[in-house]
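**Student:** The lines below spell out each chain.
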Amino acid sequence: DTAVSQTPKYLVTQMGNDKSIKCEQNLGHDTMYWYKQDSKKFLKIMFSYNNKELIINETVPNRFSPKSPDKAHLNLHINSLELGDSAVYFCASSQGREQFFGPGTRLTVL
Amino acid sequence: TQLLEQSPQFLSIQEGENLTVYCNSSSVFSSLQWYRQEPGEGPVLLVTVVTGGEVKKLKRLTFQFGDARKDSSLHITAAQPGDTGLYLCARANFGNEKLTFGTGTRLTIIP
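Chain order of the listed sequences is A and B.
According to my numbering, the residues represented by the first sequence are 145 to 254, in order.
According to my numbering, the residues represented by the second sequence are -5 to 105, in order.
Bear in mind the hints are in silico, worked out from the structure with no lab data behind them.
In this text, a Cβ means the ideal position worked out from N, Cα and C, and glycines have one as well.
It is possible that some hints are incorrect.
Stated by the list, open to error - Some chain A residues near chain B, calculated using beta-carbon distances under 7 Å:
| hint | residue |
| --- | --- |
| 1 | Leu171 |
| 2 | Gly172 |
| 3 | Asp174 |
| 4 | Lys180 |
| 5 | Lys196 |
| 6 | Gly246 |
To be verified - For each label pair, taking beta carbons as the anchor points, the in silico distance ranges come out as:
| hint | chain 1 | residue 1 | chain 2 | residue 2 | range |
| --- | --- | --- | --- | --- | --- |
| 7 | B | Ser24 | A | Leu254 | 35 to 45 Å |
| 8 | A | Ser209 | B | Gly10 | 27 to 37 Å |
| 9 | A | Val204 | B | Val22 | 20 to 30 Å |
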């Protein structure tokens, strides 16, 4: 059973398009996150939700909008994609200190 | 943003050798975690250290938290190809569970 799943695994799109990445966790955790990992493998938090409520919003362009329909899901919508958005995006969940990561979505903006 | 520096950035050694990687910060943090990330996958937690001076062992891996809680090390004994991966340290800040990740060490073990 997959604990944290993301779709799609790969996403290739043109600049200016709008795209969404979906995340689901079946661990019963209250807190979910979105991270961005750049080409140098630096992993940086973008957002955190606790029980559908936004609790962390790092300095992320407002083209990125997270949405949590329920505490098991945290989706990421990106408007007007730019070349610099190309990265691997990871969803994670936690209940306490340990974070469980999804397999990542590799986004390539052409 | 307080940076969490890891060293070395890249390390390539022969199977059977020992190695140590480091994680350093200029500020004190409440706890520190080590994760390993394999290609095409998300990071997986290896250990959490909380107390200054704490040492934890996970088979051939030994983790140490500095006395002043500003640094940590990961020592691997008799490295194996399965140890290959990106090792990330992450610190939690006092009062919340937000993690700040380090710059990473990419480890390659050559058979």
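**Student:** Next, verify each hint and record whether it holds.
**Tutor:** These are the hints, each one checked on the structure:
1. Leu171: At 13 Å from the nearest chain B Cβ, Leu171 of chain A fails the 7 Å test, so the hint is violated.
2. Gly172: Check failed: Cβ of Gly172 of chain A comes no nearer than 17 Å to chain B, outside 7 Å.
3. Asp174: 11 Å, violated
4. Lys180: 11 Å, violated
5. Lys196: Check failed: Cβ of Lys196 of chain A comes no nearer than 17 Å to chain B, outside 7 Å.
6. Gly246: 5 Å, holds
7. B:Ser24 x A:Leu254: 35 to 45 Å: Given a distance of about 42 Å, which is inside 35 to 45 Å, the answer is holds.
8. A:Ser209 x B:Gly10: 27 to 37 Å: 50 Å, violated
9. A:Val204 x B:Val22: 20 to 30 Å: 27 Å, holds
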